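Student: Single-letter residue listing:
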Amino acid sequence: MKKVNYRNLSSQLSILSLAILLAFSTFTFAQESGDVVAGESLFKANCAACHKLDKKGVGPALRGVADKYDRDWLYKWIKDSQGLIKSGDSKAATIFAENNNSVMTSFPGLSNEDIDNILAYSSQPKPAPKVPATVSVADNGDNGINQNIIIGALALVFLLLVIMFYLVSKTLKNLKIASGQEIESESRLPLWKAFVQNQFLMLVSSIFMLLVAAYFMFGFFMQIGIDQGYAPVQPIHYSHKIHAGDNKIDCNYCHSSARKSKTSGIPSLNVCMNCHKNISEYTGPEDLAKGYTTEFYNDQIAKLYDAVGWDVDDQSYTGEEKPVKWIRIHNLPDFVYFNHSQHVTVAGVECQTCHGPVEEMEILEQHSPLTMRWCIDCHKETNVDIKGNDYYEKIHKELSKKYGVERVTAADMGGRECGKCHY
Amino acid sequence: MASNKKYWKSVEELDENSSIVKSLQQNEFVEAIPVDEFLGDKETLENSSTTRRDFLKYVGFSTAAASLVACEGPIRKSIPYVVQPDEIIAGKANYYASTIADGFDFANILVKTREGRPIKIERNLLSENNGSVNARVHASVLSLYDANRLQAPSIDGEDVSWEDFESALSAKLNENSGEEIVLLTQTFASPSTSKLIKEFTTKYSNVRHVIYDTVSSSEALDAFNTKYGVRALADYDFSNAEVIVSVGADFLGDWQGGGYESSYSKGRIPSEGKMSRHYQFEANMSLSGANSDKRVPATPSQQLQILNALTGGSVSGLPENIANTVSKAKTALQKAGNKGVIITGLPDVSAQAKVLTYNEGVASVVMDTAKPKMIRKGNTAEVMSVLNGVISGSIKGLITVGVDPVYSFPNNIEFVEAYSNLDVKVAFTMKEDATAELAEFVAATPHYLESWGDTQIKKGTFGLMQPTIRPLFDTKQFQDCLLVLIGNSKTYYDYIQDTWSTSILGGSSWNDALHDGLFSSDVTVENEELPLTEGSEESQSSHGAMSISSQEEGLELTLYTKTAMGDGQQANNPWLQEMPDPITRASWDNYLTVSGADAAEMGLMNKNVANGGLNGSYVNINLGDVVLENVPVLIQPGQAKGSVGLALGYGKTAAIQSEMQTGVNAYTLYQGFSSVQNVTLEKVSGEHEFACVQLQNTMMGRDIIRETSLEIFNTKDKSEWNAMPMVSKDHKEIAVTDPNADLWTSFDRSIGHHFNLSVDLNACTGCGACVIACHAENNVPVVGKLEVRRSRDMHWLRIDRYYSSEESFEGDLEKKEASNGLLGETGVKGTLISMEDPSANPEVAFQPVMCQHCNHAPCETVCPVAATSHGRQGQNQMAYNRCVGTRYCANNCPYKVRRFNWFLYSENDEFDYNMNNDLGRMVLNPDVVVRSRGVMEKCSMCIQMTQKTILDAKNDGRSIKDGEFKTACSAACESGAMIFGDINDHESKVNKLYNDNRMYHLLEEIGTKPNVMYHVKVRNTEEV
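Going down the list, the protein sequences come from chains Y and W. Heads up: the first sequence runs through residues 5 to 427, numbered per my numbering. Heads up: the second sequence runs through residues 334 to 1357, numbered per my numbering.
A couple of the hints might just be wrong.
Stated by the list, open to error - Derived lysine-lysine pairs resembling DSS-like cross-links, with alpha carbons at most 27 angstroms apart:
id, chain 1, residue 1, chain 2, residue 2
1, W, Lys-445, W, Lys-1051
2, W, Lys-1281, Y, Lys-401
3, W, Lys-1229, Y, Lys-264
4, Y, Lys-307, W, Lys-410
5, Y, Lys-48, Y, Lys-130
6, W, Lys-1229, Y, Lys-424
7, W, Lys-1294, Y, Lys-60
8, W, Lys-410, Y, Lys-245
9, Y, Lys-401, W, Lys-1325
10, W, Lys-704, Y, Lys-424
11, W, Lys-1287, Y, Lys-384
12, W, Lys-1299, Y, Lys-264
13, Y, Lys-329, W, Lys-425
14, Y, Lys-424, W, Lys-792
15, W, Lys-704, Y, Lys-384
16, W, Lys-792, W, Lys-704
17, Y, Lys-95, Y, Lys-130
18, W, Lys-599, W, Lys-661
19, Y, Lys-424, W, Lys-599
20, W, Lys-445, Y, Lys-398
21, Y, Lys-401, W, Lys-425
22, Y, Lys-406, W, Lys-1294
23, W, Lys-661, Y, Lys-398
24, Y, Lys-326, W, Lys-342
25, W, Lys-661, Y, Lys-424
26, W, Lys-1299, Y, Lys-401
27, Y, Lys-398, W, Lys-792
28, Y, Lys-398, W, Lys-410
As the list claims (entries may be wrong) - Reference listing, derived: stretches of chain Y covered by chain W, where coverage requires no fewer than 3 residues with Cβ under 8 angstroms from a Cβ of chain W:
id, segment
29, 63 to 74
30, 119 to 128
31, 262 to 268
32, 293 to 303
Hints in this document: simulated from the structure, not taken from any laboratory. None of these values were measured; they are calculated from a predicted model. Even for Gly, the Cβ is constructed at its ideal location relative to N, Cα and C.
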């Protein structure tokens, strides 16, 4: 175990030192021309939608752009690129043509100083590639082996103890023989024979055994078809934790039909592309222990691009689509009708009530058992939210009068009738 | 007492020294049985390390492992769109307005699609009586998913690309540009197609366009054309009528394109003491005859006389009973003045002209000639000239579009031979039908749900057809091909838009018209003038007259179309095959309907056999040289003596699945495209097995259907004609619905929704659209002919048809009342036995019966597993997954509406219908589960639809208006007979119907308190 700790420590140290090194290096740059920190925030606010530092986006990669062009020309271009092109500037025209004639937004509001800051940010050297990801895999392996060794060692100790006891008793016996004592062979019945002969005990214990067996059998059979905790490996490793958790994307943004339809809908890939047109690289934290490195996530984004037919270099769709075959996690049987909109829109149930803390799930799993009992229990306890819904107004007034209560549960409204879900 | 007898075992024992005897003392057999030989190679067997015990161990282990693995659920995949279309929300239905125009059925419809699949046809409520959405139209969505459709164009049986097809076809046409080629099409009733064909025939001047209606209305068209100068059909609004006299016109069926249920039913619901009076003179028992107030069976030749008498001639020569009714009808017509109307279905131009003249003469408000119907165009004389031209060889080429002459032309054998020798044989068709099998060029056309198109069903009302799914196969519309052939680079879609914007829309929005599916405008679109061929005027007169005479020998045959099959183009549709005929209640067949008297004379019989099936004799039908062999006979009460009837559209074999190759092809008897023929019958041996779902044809004087006459209804108290059954409690008579008569404590249903379905027996014509709509909505399986014969049909909704055993149902009651004593002719026994047989000319009544959703349901109390239970909203709910299949509920149901899944009907090769192939399963409604083997099922009152309505209201946060709640059957009902709604909504229609005097419950006396109610049928029997 110690060994493992050291390993982790060393990698952490190296990352730390790298970070410090980088921090210092940027700091030194900032001293020279423009404020890198201000530049970065300006870049993210104004430029990042179309430009990346090292990769072509809608517009070209911007790292080192300050060295390629004249500063004054850059001012003009950024403030009004179309004007510059129209004025007959050949450089401007070439760039315009190189980038599929996509018009760059004009930024007349940026001062020269702002532009200096942005250029300072874009002129930083590329950071060194990160520590290889293989470490984590080795780590994982080590862990498993260690546990095995511990168990092995324990087993060995146990075995040694048994042998020791055996040897001790044998030695004692030998001693007795050697000392001339006779070994009394006891004529008592063996324990199991005594047990067999006691019929009452047999009866009681067999009943007990049967009950225990029935209990376990019942438990076993009742869990058949219940896939609570089912977390299959998906064709694209989609992390709800990153999207719903870290980036706080609303569930309904992707699962939009949950509000309107019976199915929550697996979002079509064009919904992914709303954001991933611009986000081609993962920049969040890594989980090296589990192998979720930046590279791993970038591979997943690449899979998305492949499926939707997005050419990153051309920034255009190729038309070659490969629909993704997701593995369904929540499977209701055919004979159950479930409607999302009834629960999400009408009842206002949070997604997490049934699906669990999805925003924390790196790999999505089935949180609830989805059994009928689970449904019914909830219907029995949940009060119908009648506020602001004309549909409920009258019926609720009458029902609450009839039952003499203020609150009406879903079950009172008929949410426990067979035919409401089975047809 | 010991016996000394010796029993000999074989002769060998005579020989004392026989070795055989010795060996048999020791062994069972003389020689050793060569066990090792059949156990295989002895050596390997002995060397094998697997002992018997090991083998059993392996078997045990693998069985256990397999069953353990089976506990694991299957991995289900979900594949979302890559780019989701904006209009599609998974799980929500989209509706598109479109139009069906298949040459036989024309109607404005709504198409319900789910995730891009059309799954149901609905009525377009914007359309006012503009074509009828009948059972066939409802079923047409399944024909889209027909696995036997053509999947690609072909030349000489080789699949080719459309480019190759079109260039080869173009070359072929140019090559034969000097020869006469006929373009034989269905009626399109389409302004754009007319224009396009005109452009085509201008370019290819050797091509002549002839319209061929498989079931002809040519005589009526001729008469109308002569009188009004337009080749169209008069339209009728029967809601205005006081007296309707129909001579052989089944206007509630397919007469002149049909679609009159709705206006007819409006006039049939008694309001302010009035309703229309309907006389029907006809040979076959038709839907119209069954609904009429006074039906007179008359052979076609008698019908001609009747028509003459009605329009001014005399009644002489007619049998007395007919003559009486005719003069009464005449008086009634005179009294009704301009609110009277005569219609006829006789295939005779002068008869049709007389009718038009009469209606015009009295200025009938029922007939509309200013805006006639455009849905039939065919001209018998022209079609005959094509038929004869092909046979004689003067016509060198035939391009068929949407028609199948090789199947449906009468002079079949000669025509087929001549057709095979044509130079140009082109077939535009959806299926590899009989014509396509022989054609050189076969163009696969799309289904109407995959096509663009426009229609003018009635003058001034234009409709649009739009695709609701991408073409399933490599198909191309006929019109798109024509555009390519005339060198126009436009698509047909653009072409329609051009036509509409230049000559129809007049500045209105195309998108609005497309959204509504129809557009009203008074503009007259240029009609394609079809040139008449030389001499066709003369031939017209020879074809336009009905050549029939009442002879001594032989019978008069009237060819008709069945509600389910129509002209036969949807013969491969299992829903339609299994739909029971409204009149005979037989499915999967056509048959010769014969009157009881004629049957007795010829020794023809019908009988019920032990398993409950109906059997009938066979006959051969002779018409000139044509013999139609082995036609099953069904004895039809009400069939005019001396006449027989046979349905067209059956007996197809090309591109039809073997299960669906049913019946005989009656088109061979359709000589001269006249529906009336003189035939002779010849009894042949054998018995036909029918699949008939109703064997008890009379009500035996019970009030299952309550009926009364208008006179009694108007003058007497409700208790006279709609009496509440009484029971005795403490020697006091109390109503059966009285709470004191109740065994149960009733549940309070005064809060929330309480659904009731109302069926007005006056408005119900028995058309059966609801049956198919129910099929489509609820994934009801098709079980096949054999199972239907065993009464294992799965229809959730059936339409019972009852005949009276006397002249009228009232007569039945009187006869039953009059029975005296127990035995003998007039005793109860004798009376009841005689009442089992329907009368020779019975009154007929229809009654749709579905689960009655009893508040005190007998089925619920007997279910051992509580699989069926009652909902607060009144539905009797059935949890299929809970059902264990004891069938107690079905046995305890007094209405016999529960259906048991004797087999697995989906994904089972034994039941190879639409649920057994991927294509056919696309029609399934995803909101309703497909039931499995061994469970009971029944009408759910479309709980999925009421739940959806409620949910939509909840989502929008509003209360529900009357009319929003619907079931599949009530939504499909053209005649307004079925109304569904919430009786707790005191303003609702259904609440008013619940409190109507005519309301009663089926088998009220048993106290089940159903949530389905019926309304007493009132017949206008008053003679003027």
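Student: A separate judgement is required for each hint: does it hold in the structure or not?
Tutor: Checked hints:
| no. | hint | result |
| --- | --- | --- |
| 1 | W:Lys-445 - W:Lys-1051 | violated (43 angstroms) |
| 2 | W:Lys-1281 - Y:Lys-401 | holds (23 angstroms) |
| 3 | W:Lys-1229 - Y:Lys-264 | violated (39 angstroms) |
| 4 | Y:Lys-307 - W:Lys-410 | holds (18 angstroms) |
| 5 | Y:Lys-48 - Y:Lys-130 | holds (17 angstroms) |
| 6 | W:Lys-1229 - Y:Lys-424 | holds (24 angstroms) |
| 7 | W:Lys-1294 - Y:Lys-60 | violated (58 angstroms) |
| 8 | W:Lys-410 - Y:Lys-245 | holds (22 angstroms) |
| 9 | Y:Lys-401 - W:Lys-1325 | holds (25 angstroms) |
| 10 | W:Lys-704 - Y:Lys-424 | violated (49 angstroms) |
| 11 | W:Lys-1287 - Y:Lys-384 | holds (20 angstroms) |
| 12 | W:Lys-1299 - Y:Lys-264 | holds (21 angstroms) |
| 13 | Y:Lys-329 - W:Lys-425 | holds (22 angstroms) |
| 14 | Y:Lys-424 - W:Lys-792 | violated (47 angstroms) |
| 15 | W:Lys-704 - Y:Lys-384 | violated (61 angstroms) |
| 16 | W:Lys-792 - W:Lys-704 | holds (5 angstroms) |
| 17 | Y:Lys-95 - Y:Lys-130 | holds (26 angstroms) |
| 18 | W:Lys-599 - W:Lys-661 | holds (24 angstroms) |
| 19 | Y:Lys-424 - W:Lys-599 | violated (36 angstroms) |
| 20 | W:Lys-445 - Y:Lys-398 | violated (32 angstroms) |
| 21 | Y:Lys-401 - W:Lys-425 | violated (31 angstroms) |
| 22 | Y:Lys-406 - W:Lys-1294 | holds (24 angstroms) |
| 23 | W:Lys-661 - Y:Lys-398 | violated (57 angstroms) |
| 24 | Y:Lys-326 - W:Lys-342 | violated (81 angstroms) |
| 25 | W:Lys-661 - Y:Lys-424 | violated (57 angstroms) |
| 26 | W:Lys-1299 - Y:Lys-401 | holds (26 angstroms) |
| 27 | Y:Lys-398 - W:Lys-792 | violated (48 angstroms) |
| 28 | Y:Lys-398 - W:Lys-410 | violated (43 angstroms) |
| 29 | 63 to 74 | violated (count 0) |
| 30 | 119 to 128 | violated (count 0) |
| 31 | 262 to 268 | holds (count 4) |
| 32 | 293 to 303 | violated (count 0) |
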